[in-house]
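Residue numbers (this note's numbering), protein chains in the order written: chain V, 1 to 226; chain G, 1 to 216; chain D, 1 to 270.
Think of the hints as simulated: they come from the structure by calculation, not from any bench.
Backbone N, C-alpha and C fix where the C-beta goes; we use that ideal spot for every residue, glycine too.
Everything hinted at is true.
Selected chain G positions facing chain V (Cβ under 10 Å, derived; list incomplete):
{"id": "1", "residue": "L68"}
{"id": "2", "residue": "V146"}
{"id": "3", "residue": "S150"}
{"id": "4", "residue": "F171"}
{"id": "5", "residue": "V180"}
{"id": "6", "residue": "V187"}
Coverage of chain V stretches by chain D, computed from C-beta distances (three or more under 8 Å per stretch; other residues unrestricted):
{"id": "7", "region": "113-121"}
{"id": "8", "region": "124-130"}
With the C-beta cut set under 10 Å, the calculated list includes, among others, these residues of chain D facing chain V:
{"id": "9", "residue": "V72"}
{"id": "10", "residue": "K73"}
{"id": "11", "residue": "L88"}
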Amino acid sequence: MSVLNDTIDWLADAASLSGDDSISNRVLEHLGYTVETVAIASVIAIPLGLWIGHTGRFKLIAVGATGAMRALPTLGLLTLIGLYLGIGLTAPLVALVVLAIPPLLAGAYAGIEAVDPQTVDAARSMGFTEWQILTRVEVPLGLAIIVGGIRSAVLQVVATATVAAYVGLGGLGRYLIDGQAVSDYPQMAGGSFLVVVLALILDAVFAGLQALATRNHRPSRHPLTV
Amino acid sequence: MTWVSDNLDLLRELFLRHAWISALSTLIGFAVAVPIGWYAHRHPRLRGISVALVGVLYTIPSLALFVLLPGILGTGILSTVNVIVALSTYAAAVMVRTAVDAFDSVSPPVLDAATASGFSSSQRTLRVELPLAGPVLLAGVRVVSVSTVSMLSVASLIGVANLGSLFTDGFRRDIVDEIVAGIAAIVLLAIVLDVLIVLAGRLLMPWSRVVVGANR
Amino acid sequence: MIEYRNVGKTFPDGTCAVGDFSLTLPSRSTTVLVGSSGCGKTTLLRMVNRMVDPSSGQVLIDDEDIAGVDRVKLRRRIGYVMQHAGLLPHRTVVDNVGTVLRLNGVGKHDARERALAMLSVVGLDPTIADRYPSQLSGGQQQRVGVARGLVTDPNILLMDEPFGAVDPIVREELQKELLRLQRELGKTIVFVTHDIDEAFLLGDQVVILRTGGEIAQVGTPADIIAHPADDFVRSFIGLDKGRRELRIEERDGVQVVVDASGRAAGVLKP
Numbered sequence: 001m002s003v004l005n006d007t008i009d010w011l012a013d014a015a016s017l018s019g020d021d022s023i024s025n026r027v028l029e030h031l032g033y034t035v036e037t038v039a040i041a042s043v044i045a046i047p048l049g050l051w052i053g054h055t056g057r058f059k060l061i062a063v064g065a066t067g068a069m070r071a072l073p074t075l076g077l078l079t080l081i082g083l084y085l086g087i088g089l090t091a092p093l094v095a096l097v098v099l100a101i102p103p104l105l106a107g108a109y110a111g112i113e114a115v116d117p118q119t120v121d122a123a124r125s126m127g128f129t130e131w132q133i134l135t136r137v138e139v140p141l142g143l144a145i146i147v148g149g150i151r152s153a154v155l156q157v158v159a160t161a162t163v164a165a166y167v168g169l170g171g172l173g174r175y176l177i178d179g180q181a182v183s184d185y186p187q188m189a190g191g192s193f194l195v196v197v198l199a200l201i202l203d204a205v206f207a208g209l210q211a212l213a214t215r216n217h218r219p220s221r222h223p224l225t226v
Numbered sequence: 001m002t003w004v005s006d007n008l009d010l011l012r013e014l015f016l017r018h019a020w021i022s023a024l025s026t027l028i029g030f031a032v033a034v035p036i037g038w039y040a041h042r043h044p045r046l047r048g049i050s051v052a053l054v055g056v057l058y059t060i061p062s063l064a065l066f067v068l069l070p071g072i073l074g075t076g077i078l079s080t081v082n083v084i085v086a087l088s089t090y091a092a093a094v095m096v097r098t099a100v101d102a103f104d105s106v107s108p109p110v111l112d113a114a115t116a117s118g119f120s121s122s123q124r125t126l127r128v129e130l131p132l133a134g135p136v137l138l139a140g141v142r143v144v145s146v147s148t149v150s151m152l153s154v155a156s157l158i159g160v161a162n163l164g165s166l167f168t169d170g171f172r173r174d175i176v177d178e179i180v181a182g183i184a185a186i187v188l189l190a191i192v193l194d195v196l197i198v199l200a201g202r203l204l205m206p207w208s209r210v211v212v213g214a215n216r
Numbered sequence: 001m002i003e004y005r006n007v008g009k010t011f012p013d014g015t016c017a018v019g020d021f022s023l024t025l026p027s028r029s030t031t032v033l034v035g036s037s038g039c040g041k042t043t044l045l046r047m048v049n050r051m052v053d054p055s056s057g058q059v060l061i062d063d064e065d066i067a068g069v070d071r072v073k074l075r076r077r078i079g080y081v082m083q084h085a086g087l088l089p090h091r092t093v094v095d096n097v098g099t100v101l102r103l104n105g106v107g108k109h110d111a112r113e114r115a116l117a118m119l120s121v122v123g124l125d126p127t128i129a130d131r132y133p134s135q136l137s138g139g140q141q142q143r144v145g146v147a148r149g150l151v152t153d154p155n156i157l158l159m160d161e162p163f164g165a166v167d168p169i170v171r172e173e174l175q176k177e178l179l180r181l182q183r184e185l186g187k188t189i190v191f192v193t194h195d196i197d198e199a200f201l202l203g204d205q206v207v208i209l210r211t212g213g214e215i216a217q218v219g220t221p222a223d224i225i226a227h228p229a230d231d232f233v234r235s236f237i238g239l240d241k242g243r244r245e246l247r248i249e250e251r252d253g254v255q256v257v258v259d260a261s262g263r264a265a266g267v268l269k270p
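Chain V on its own, in the form it takes in the complex (with noise of 0.2 Å):
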């Protein structure tokens, strides 16, 4: 139980340091690269997704792309970009933007997808426009779904982002990859725990999202404006 112990010394101690290696600071590098990631990602794969969902075209392509960029291995990815582009910041963002689209795609898609085709069927045989449809109809019932997606994309990041420190990034990752550097394991658990922490408290709020999301399909009281 001496490790224990000495995590929970090594936490203690990062508590109170300031600068560059404290605790909140590396937090908030870790949720800015998960934000800002994200954010960028879900600009290039949500509208994608949901055109395709929409649409029902290029549905093969998506599958195909979303799945093989799940056998592809991160570190890979990070290392291989990160010689390309050099050492800073970009290389590494890149990466974690490119392995956050598949889950924001498959998620976009899969959720207008889930929406009952009747449904679609009877809005467009009222006048909807095709854009009413998808704005007014398919995304209100899907939501639930594409905010599963952006919760799977959101903790893919926060994951790689942890591995990502050893290509030069900031954020959590960076106790681990010091810890190793000097066989400090405290340091290393230390990191380890407070991205678990992060991870779980990040996966509820999405969950808690979601529930809301959910309220669309089922609602218990009050009505949705046109």
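Starting from the known structure of chain V, fit chains G and D onto it as the hints suggest.
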């Protein structure tokens, strides 16, 4: 690709090592998850707890788990056992969900008919329920094997030798070819394992139509 | 008035749903397209609001070729009722009914008023207005679907097997309601069904279809029963199974009407 031709031995050694660690972890994860999934399917109360627990496990970033497990298990951080336990845990975490879905997908009227025909409870589970849940379980194993192969590469960061070591080494020594070779080898391994799983599925479940590429 | 002129439809995968179909549907009356599955009746129905466009020929509404009319605008002035109501699950009943009004730019308050009024017209209690479709029974959902189709006061109402998914008792109620509505409102209704009894009950003009949209017979129910055009029609309306060949037998002093197989079909009332 001079690097590849110069280092074929290393590649082969790492490839095999990566293969058996991934395969073993996937197998263990599967073996653990199916019974848990079956119980969770049977008992709604257990289902809620196990899905939640599994969800938590799945949320934990892999590198963090690789680091924390030795502290919890008491093994050295470099030990392969450590990595296998971590990967098996992930595999199990994903598979439990699939296993529950798989058993849910078995049509209740069929089970009913089996009981009425005279199958005992354990016979029914082993000879009817399990085979019928097979296709969904298979699809789950395919997904898990791919992610396990990919996830193992991260363990190179804590010093465990596998194909991922090509990434750390290549990055440090600025050899792009080495990294590309690593990626290619991992993808290749994932495909090979997938084919093997599909073949195993065809052998064990000749009645089902196994569609290659399904569920990806 | 709706007119089909030499309309044909072949789908991209090669299936020929309709060969060569021509028919005039008079205004302010109910025309029923009836036939077994795959005869093209739903395809023909969906050509009127351009959910399907013909591969050949023309569809005209009041002498205007609708191929030249903007689809979205066309659909907003035609009512469409489908088999499972097709209500938007995330909107309340009153919002569902008022949807097309809002699409046409009617204000929220006015739309709600008109929607509520329409609920009464189709025989629904206004208290269900703020419920969600999932909270209604099948029959209620269908009525909401009809209300939605009628709320813009369209001239044309398209109905695609609207009563097919409810149980027989509810179906009978809904059929009666439709007859009442039609007496009050006088719309041009195009109604699709595979049930010949429903067709005879609701149709002023009944069109019996063979596969490929081929017309086997057109006429009033009485015409068709009295003078079936050929064996296909005879078989389709059940004449050859003896169900409709009735005679009178006396049983226990009561005049009982029996069918060809001797089963009692009813009693004779003076």
